[in-house]
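Model the placement of chain B on the given structure of chain A, informed by the hints.
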Amino acid sequence: MSTIVETHDDHGHHGPAKGLTRWLFTTNHKDIGTLYLWFSFLMLFIGGAMAMVIRAELFSPGLQIVQPEFFNQMTTNHGLIMVFGVIMPAFVGLANWMIPMQIGAPDMALPRLNNLSFWLLPMAFGILISTLFMPAGGPNFGWTFYAPLSTTYAPDTVTFFIFSVHVMGASSILGSINIITTILNMRAPGLTLMKMPLFVWSWLITAYLLIAVMPVLAGAVTMMLMDIHFGTSFFNAAGGGDPVLFQHIFWFFGHPEVYIMILPAFGIISHIVETFSRKPIFGYSSMVYALTSIAILSFVVWAHHMFTVGMPLAGELFFMYSTMLIAIPTGVKVFNWVATMFRGSISFETPMLFAIAFVALFTIGGFSGLMLAIVPADFQYHDTYFVVAHFHYVLVPGALFGIIAGVYYWIPKWTGYMYDETLGKLHFWLSFISVNLTFFPMHFVGLAGMPRRYPDYALQFADFNAFVSVGSFIFGVTQLLLLFIVIKAIRSGKKASGEVWEGTKEWGLEWTLESPPPYHSFTVQPEVK
Amino acid sequence: MIDFSRIPKKFIPLSFLMLPQIVLGEKSDLNMPVGVTEVSKSIFDLHMLIMWICVWIGVVVFGIMFWSLWKYRKSKGAVPSKVDDHFWLEVSWTVAATLILVFMAIPSTTVMIKAYDDTEGDINILVTGYQWKWHYKYLEDNIDFFSNLSTSQEQIDNLVPKGEFYLMEVDEPLVIPINKRIRFLITGNDVIHSWWVPDFAVKQDAIPGFINTAWTNVPEPGIFRGACTELCGIRHAFMPVVVRAVEQEEYDAWVVEKIALAEEERLLTEKVWSEAELVERGQGVYQVNCVACHQANGKGVPPVFPALDGSEIVMNDKQRNIEILMEGVQGAAMQSFANQLSEVDLAAVITYTRKSWSNGQGGDDEIVVPKDIVEYKNKADL
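So the protein lines, in turn, are chains A and B. In the numbering used here, each residue carries its 1-based index in the first sequence increased by 453. In the numbering used here, each residue carries its 1-based index in the second sequence increased by 1161.
In short, the hints are calculated from the structure, not lab data. Owing to the predicted nature of the structure, the values given are computational and were not obtained by experimental measurement. Some hints here could point you the wrong way.
Claimed, not checked - Listed next, the stretches of chain B that the computed footprint assigns to chain A, with coverage defined by at least 3 CB atoms under 8 angstroms from CB atoms of chain A:
no., region
1, 1203-1213
2, 1258-1265
3, 1315-1321
4, 1324-1331
5, 1363-1372
6, 1396-1409
Quick reminder that beta carbons are idealized off the backbone N, C-alpha and C, glycines included.
Pulled out of the complex, with its shape left as it was, chain B reads as follows:
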């Protein structure tokens, strides 16, 4: 047994106070991240201030309560008092509570005004939530791309060991320069999503038909990881946000490279594709975009996600097959990929599904080339 009487009395309250400090210290994984921006730091300070006020109110109220329970217990022969009301006591604790709240409201309002600012940024980025990925469009440079989860389905299904950034990694992060005012214009394509980067203290709902704004100004380079925080369907947990903040020069170089890549991609549509090339490319597209629902073996999860393996449409109805990818399926989870994938990727992934599993033998063996997709688009425009 520990002899409590030998601990100097003054250390007892001290050690009690140290405990939350240790648990909730700045470097702790158990507290709100301090973040890197001015706003996130002031929000952290505000959070700590409010929390400590609550802790102290709790200590006082619970202290009095437990002391009363101990002191006035019936087993010690306590006799109940006859006093059951006291006007000025009621008034004074009402006033005290009000004053504490006013004291809390002042810094909260200041921080809120600082965080709330929808003026134009140095760089303006349109963030669109899709089921279940993010799309980023740089309004000044006309760059745009999707950002998909890059953790493999095998890791999620516990077939292989999980990586360090399990469910917090994407194929293509958002890239922003440091020390620039970045304004995010946030919207949703299908259902409501919410775009959150804890280190920036930015969380804003991505709502179809609305464009919300948020902003940040990141003072240091780094990789910052966030998540979707509004329930958006089956893959809600699988559409993380990753932002890479870089020096201005690196950012400029990235922009040039992205523009060149986009041009290259455009030229690919003109190219004559062989079946083998399409299948190879299509497999990659399938892994990123389709595997979550239709599964790696093409069996799907019927009835919610139909099987592609052995599907009559995939094997023998090329036109309907293209149509489904372009338009989605009304009333089902299948969405339109017309604006999400390039013509090449659409052709490649359709070809891949027509050639894979048992479909290669069982079907009409037709492939889809980028030109088919362009033709479909032209026809649809009429």
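In isolation and in its complexed conformation, chain A is listed as follows:
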């Protein structure tokens, strides 16, 4: 017996392996979280470079830098990379780092699966990006890849794209299974569901959404594969198929996907707002109910992306009403964040600045979303830059700011060093100003009638497009500053205490560990009263 105990002890004290194998074979939640975060950071710069190409071409009317064929590849891959390669992996990275620490566990429940779900990702994106260098060119049919443009009329590389989507989907499903298993089974004694930190709650719900809709996406691309190679006609009208069916399937995946990309940010923002208001989140239970309602409603609103496909009147009205309903739980969340700040004791460190910007700018994205829900008005907004403005408001100062805020908030915990506060604030203000310079004018260009996915445009849109391009270049360059700040915080800086921020020990288990936390987080289960 005693030998067994000893072996176990040895195991308990081991640290990370040395060299490359540490990262290739790791089963440690922190190492895998780090891999996810760096991967998503790299993808941010690749997808961002594509956005820079798009904005450079759109700086003035006429074709000057790229041809429409390449432009379409840029818009498509920018979208795919930002959605599947940046926002989603970054959230999974944060989940890997934080969930075990927030629930008082030593690691994720399924560590080997965890390794697999990360290493699938570089493979998927390697395949996707390699298509750009093939003679036929990469996917050029938009990130929504509507059939038959993506089937009968697609470049030959579409098969690589389909395989890549399958691999990304597998990675997400495995990651979600792991997250759900961890949350449901490994919470510290006393940490009941209704006491769980909101980031954990938001990820529990997100993981269920992922498991529900990723197979739907896999089904859609499989049907495409069959149409292209095996003579079926799911989406081919000439063979009796239905191109609109593709859109229904895609958006049945796509709308929950939209919330997959924002719910974890809701969780992060809730923690940051309470920390820097020095007051627990207002209306915790209503926050949980709001998250749940948003997730449930996300399954019955998909056709609001398709108001112009020719649905019957009853269908148009149903999807308008159901979409408007989402404004209620979302509004409740915003009200609760504001109520948390109200009568708090507020300080303005970088994470808080990003969180405040999130609340304001995400809400603006919510307002334009509400406008887009109004069917008759959507006839004018649909597929214009108004839509581009809307979803970039919820995804850039929304999801991405949420992630950046989370990185600033937790990086002292991860590395043991404080980031440079002055540089952080500089990064915030440059990002905040340029993000609005980039995306706010898009509302007006869209209302004035500029359609999206256009490599070239009429002269009346020229001034605003030049303006938007300048904003986007500033935003792009500013993110290099984030890279510098992160590297600096890893290598040096003021030592961070376990608590990091004032008073956090009271409302989060992760802050009871030292900074950086031990390799196996909680080796002794903490008790939550």
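Relative to the frame of chain A, chain B by itself:
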């Protein structure tokens, strides 16, 4: 420095309110067009109503937020309150949000019902989206034609200055009479397109295998410009919609003229064409239909768009050359032009490519006449 204390206090909120009014006024280029039809005007009003409600919610919520950030900042020694929940507060803002949404839903539903009407029109026009042009067919008068972008490739490539209606002009606009109910039957030939005229508030996807409907009733003459709004491939940005609304008499005269022109066109097939005539006509056809992909110099953009200059088929294989234009190329961007161009235009454009660039010297020098196309069609029918 401006001395803010000298501005009368009551003007401060006023000037704040005036700002969006100036930016988003009715005549502004920065807002949704009011349009000319009853439906487009009510959609504009609805848009403004919803937008103002959102602006006001924003003013209140952000107002409270920024006021709290200011008032309860730690640097002023604020002490956090212990209250972290309030049942009736949660209930009341949930109810308030619901009531505002109901208030928005009522006018939205009314306008939607008004806009949605698929009963037959006085004039019914079949609109078909092609890569990358629109085809219009007047179902009652049996008139049909393609409407192509007329902005030159040189303008797009920044070789010559851009015109006033850069990318918003076509060779042949859709013509409709005013004060008539026009119903559009909208479909797609290849991929999904979307037919949009902002001034009518009509946007409807053109989907292969489906016929969608939309309608309008234009009260005043004018030229109305729109666009394709569903990504449809490389030339998505280059297939604008232009509609000319005219008085009834002018419309009637136009119909008579179009029918006569169609008859004339039909007779051209019978005519004996000389090589020079075909090349001249073919050049015009090439400029409109081929130049975007195969380029003015015939070099194409390999590998996506093959070169015609020096092509073995174009120089020496007349039958295959005709076949490609008639059937398109499976799995490539090349589509069938059999129903898009007349026999004369098909013969002319093939002849033009066989005689142009280096092909005139290098090839078998055969030309294609309209009769060849008719023969091909007859053979294909068997």
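- Check, residue by residue, whether the region 1203-1213 of chain B contains three or more positions whose beta-carbon lies closer than 8 angstroms to a beta-carbon of chain A, and give the verdict. holds (count 6)
- Query: Are there three or more residues in the region 1363-1372 of chain B whose C-beta lies closer than 8 angstroms to some C-beta of chain A?
  - Reply: holds (count 8)
- Counting residues of the region 1324-1331 of chain B with a beta carbon closer than 8 angstroms to any beta carbon of chain A, are there 3 or more? Held - the region 1324-1331 of chain B has 5 residues with a Cβ nearer than 8 angstroms to chain A, which meets the minimum of three.
- Message: Count the residues of the region 1396-1409 of chain B whose Cβ falls closer than 8 angstroms to any Cβ of chain A, and tell me whether that reaches three.
- Response: holds (count 4)
- Are there three or more residues in the region 1315-1321 of chain B whose C-beta lies closer than 8 angstroms to some C-beta of chain A? Satisfied; 4 residues make the cut.
- Within the region 1258-1265 of chain B, is the number of residues with a Cβ closer than 8 angstroms to a Cβ of chain A three or more? holds (count 4)
The structure shown violates none of the earlier numbered hints.
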